[in-house]
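Visitor: Grab the two chains, each in its own frame, and use the hints to assemble them into the complex.
Residue-level listing of the chains:
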Amino acid sequence: MNATLPSDGPRPGPFGSGQPAPTAMQTAPHHPPFRRRAALPLAGLALVAPALLSVLVFFVLPLAASVEGAFRTPEGRGLANFVKLAELYRADILFTLLIVGLSTLLTGLIATAIAGYLTLGQNPRAVAILRWLYRWPLFIPFVVTAQIMRTFLAKSGMLNASLSTLGLADAATLGSWLDWRGIVLAFVWKQTPFVTLLLAGAMAALDRGTIEAARNLGASRFRVLWDIVLPQAARTLMTGLILSFVTMMSVLSVPLMINAQSPTMITADIAFRINAYGDYGVANALGVVSLLMTGAFAILYLRLGLRERR
Amino acid sequence: MKRLLWIPRALGLGVLAFLIFGPISNLLLWAFAEKWFYPHALPTDWGFGYWGRVFSPRGGAWEALANSVSVALLTVALSLALSIPAGYALARLPLPARALILISFLIPQAFPNLTVYVNIARVFYQIGLNGTIAGVVIVHTVHGLVLSVWIATAAFAAVPVDGEEAARSMGAGPLRAFLDVTLPQAMPGLLAAAIFVFLESLDEFTGSYFVGAPDVQMLPLTLFTAAAGGNYQIASITALVLLVPSVVFMLAVERFLKADVLSRIGK
Chain A
1 MNATLPSDGP RPGPFGSGQP APTAMQTAPH HPPFRRRAAL PLAGLALVAP
51 ALLSVLVFFV LPLAASVEGA FRTPEGRGLA NFVKLAELYR ADILFTLLIV
101 GLSTLLTGLI ATAIAGYLTL GQNPRAVAIL RWLYRWPLFI PFVVTAQIMR
151 TFLAKSGMLN ASLSTLGLAD AATLGSWLDW RGIVLAFVWK QTPFVTLLLA
201 GAMAALDRGT IEAARNLGAS RFRVLWDIVL PQAARTLMTG LILSFVTMMS
251 VLSVPLMINA QSPTMITADI AFRINAYGDY GVANALGVVS LLMTGAFAIL
301 YLRLGLRERR
Chain B
1 MKRLLWIPRA LGLGVLAFLI FGPISNLLLW AFAEKWFYPH ALPTDWGFGY
51 WGRVFSPRGG AWEALANSVS VALLTVALSL ALSIPAGYAL ARLPLPARAL
101 ILISFLIPQA FPNLTVYVNI ARVFYQIGLN GTIAGVVIVH TVHGLVLSVW
151 IATAAFAAVP VDGEEAARSM GAGPLRAFLD VTLPQAMPGL LAAAIFVFLE
201 SLDEFTGSYF VGAPDVQMLP LTLFTAAAGG NYQIASITAL VLLVPSVVFM
251 LAVERFLKAD VLSRIGK
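Residue numbers (this note's numbering), protein chains in the order written: chain A, 1 to 310; chain B, 1 to 267.
Interface residues of chain A toward chain B, partial, derived using beta-carbon atoms under 8 Å: (1) Leu47; (2) Val48; (3) Leu52; (4) Pro62; (5) Ser66; (6) Trp136; (7) Gln147; (8) Gly157; (9) Leu198; (10) Ser250; (11) Ile270; (12) Ile274; (13) Gly287.
Just so you know, the hints here were simulated from the structure itself, not pulled from any lab data.
Fair warning: this is a prediction, and the values are worked out from it, not measured in the lab.
For glycine and all other residues, C-beta sits at the position ideal for the given N, C-alpha and C.
Chain B extracted, bound-state conformation (with noise of 0.2 Å):
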């Protein structure tokens, strides 16, 4: 009885390996695809055609890339800059309603931000900032605080005290203490959240369509056009871009971020 036991083990894996790639390789197919018609399984017809289209100089798949990956990282700097001293301060110092300020850095996303983009575009628009890379980073940043400051308190909150209490007994500074003993500890936990925010900011649809475009062209907007053109290859080929991020970083997250920041995650 016990030998038969991989039989369902086996069965369960490949309907759940089934789920995961058979949706990606679906797309896989549709981005090397030049002919596919019902009701054929396969396409007609393979090659690098759309391939061409989507990055030529008129295609504007570049412009967007950069954008994307300009934006991305500009507030992956900012949200840090923000989550780091707030991390600390909710991980380790006595503040008053601190379950309330947690709970609030989860509103942007506990509210269909599209209403609230559609203000925050107004107000933009009159000082300036609408179809600025500096408005979309903004909108980006406060989308993401909610992973980088809950990631950031449960980092510093699993850094054990000692260190940082044996350093200010032998005369460190505050700041030196922190910089020379707490930070470094945390770093994995605050890598993740680093990783965590890149990956929301290149994801993030609604925020760049009001503050950005069609100033500021952004890789999801273009797919989600040539999805709605109909145009399957062209939708394929832009969301396998914007896949190979995605991919490489699923790879690494588990080495930044361990079961003892997992656990105290919103905590």
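Extracted from the complex, chain A is given alone in its bound form (with noise of 0.2 Å):
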């Protein structure tokens, strides 16, 4: 049976599909398995089905009955409710677009210069410190990152204590961040470890030797990162963004627990059509305008990814 292997012949392609017409031949007596492979695309759709079918039976089910949701009013289909939430949540919508924004490109930015640091950093000692330190809020939950927050940047906590002591500020003059800012705060304290965990590992899987090269030239670091290292790792800080963004639009406790006031966030906003007043109406409108927010952002990812595969 061992006799039998085949050479270093041509090799199938990593897809199997492509697979040369000779080897083929010369293999098929001896291994009838290779026959099954034309069949494969089945194969692999019987695969991804259970996953798959749970997605569309357990959310996009649900999902769509929530989209058909909105546009149902007492008075049969129409825009009712999309009038109301125009007039009541124009400025939380607005407020929703601007935190998750601005908290995308912080987290963008910050985690672009912890990985960074850690790819070229030259000091051994601070790339380690760094490693260590970066990843502490990783897997804390949105919830206990949400009560800490509470308790850091309330008018008495932690940071307020911290920049009076420094002489930073007057303690009379500083009040609670609990309001956009503590919003902002918890999920880019939150988000940026996520991002940069994915951004570090993509850059040191990069090819030394272009970055050696570079620095050998004259490049500063910096310019190495913009020009060099972090073009070939924009495709995974791209899905980490989006994977954030996502979670951002998504996450309710952390409104919730730090600026319930208005402006607000859509996502209390929805909780409390529900709970106060069992409108799914209205509810379910602002549903549909996050939606448009997320999908406008996924498009954006895979417009990137198809240029960037022609």
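Guide: Take a look at the structure:
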């Protein structure tokens, strides 16, 4: 049996489809399994189907029901829910977009800076400390993050106490940070390690040769990061930022616990509409608005991905 | 000039350390504070009084902890059962509309879950799944599927095809080759996926609230109720209990998630 092992002839591609005919003919008598490869698209679909079906049944269908519910009014189908939404929640929609946008931007910038230093830093001890340091908030749940920030950013919290101890600000003039700044800080605090972990991994897998060459030619570390390292890791950065963006659009505990007064985020409004009024119409309409926001972001990602594949 | 570079470096690391550990230590202080009034910088009375209240039989923390952990473990099992075949197919087999399939696992995280969970809760109520562990596990699994499928796909893509082909050409069936050759090599990545799913489940708040509560009490809900009631100590103690598994996994994650897997996530 060992004697009939195929030699290092033309190899099949990684996905097995473009099998060269001669190899298939040589090996076919001894290896009937290869004939089954023709049926593989079906096998692939069958393996993906259970996961895909559970998303369909337990998410897409209820999602469709809620979109349908956004147009349902006591007088039949109509836009009444959206009219009401525009009256009541225009400011909150803008507020949500600004908060999530700003948080995503800050997360991207800080993650790039940390991952860049981890990749290009020349002081081994500083790199080791940073690698140990940045990951702490990674797995801290959002509910816990919200509670942590409620204590840290309160008027009598540790941030204000430290600022006045250092003489950077007067304790009497310092107020609570628990408004839009609190939400942004909580989001950035929680999401930056996640994006950094992905990005630093991608950067570590890059070819060191070009980086060293550029450094030897006298390029500054900032230029190497911006011109050489970041473009090659850009897809991973975008993936991380998209996951962060959609996560922040879905988190209910942070806006509820840090800043539930007006203006607040759409998620808090949805909970309020349902808990206080049982108003599923406007709640569903708010859901549609946030679907449109995240949809725009996802399309941006798909277009970037397609452009790169060409 | 070069010798003075340690100053900005130390300053930067110091500020970062404060921003990361400051909030956490503020929470720790509250967990052990018996009395703490403005404008005192530190609690005036320390102790474990509130711990006794949280973990007393009437406090409900033990029940919430047991519920949270069993839901998370069941969620991991169900997620892996779905993600291992899906990840293998996405990494190795020819699939039509592969990018579309990958992106569709993102759907459960791309929409504020609230209105979706309300609709799920209605359906679950009709079929008797509302207020059960099974119902919460289903909701958590679908929510974390993007992480487990994407990471499993990256893990299988990082395993060289050669070993599996050699096994096949020596007469091993597809399942045998997968179980003996490919699966063990992908195991660190799959463990990382399991860790992410476990923590996602512990963290999950909205789905537990609509599908689980009030019959299935979970830790995040206990924390939220205490915080809404303005009780800093009880909220901080519950938060601390949720924090421990997170920190343990944080210290271990890079052992499982290697760079060659990380760079393939989402592709």
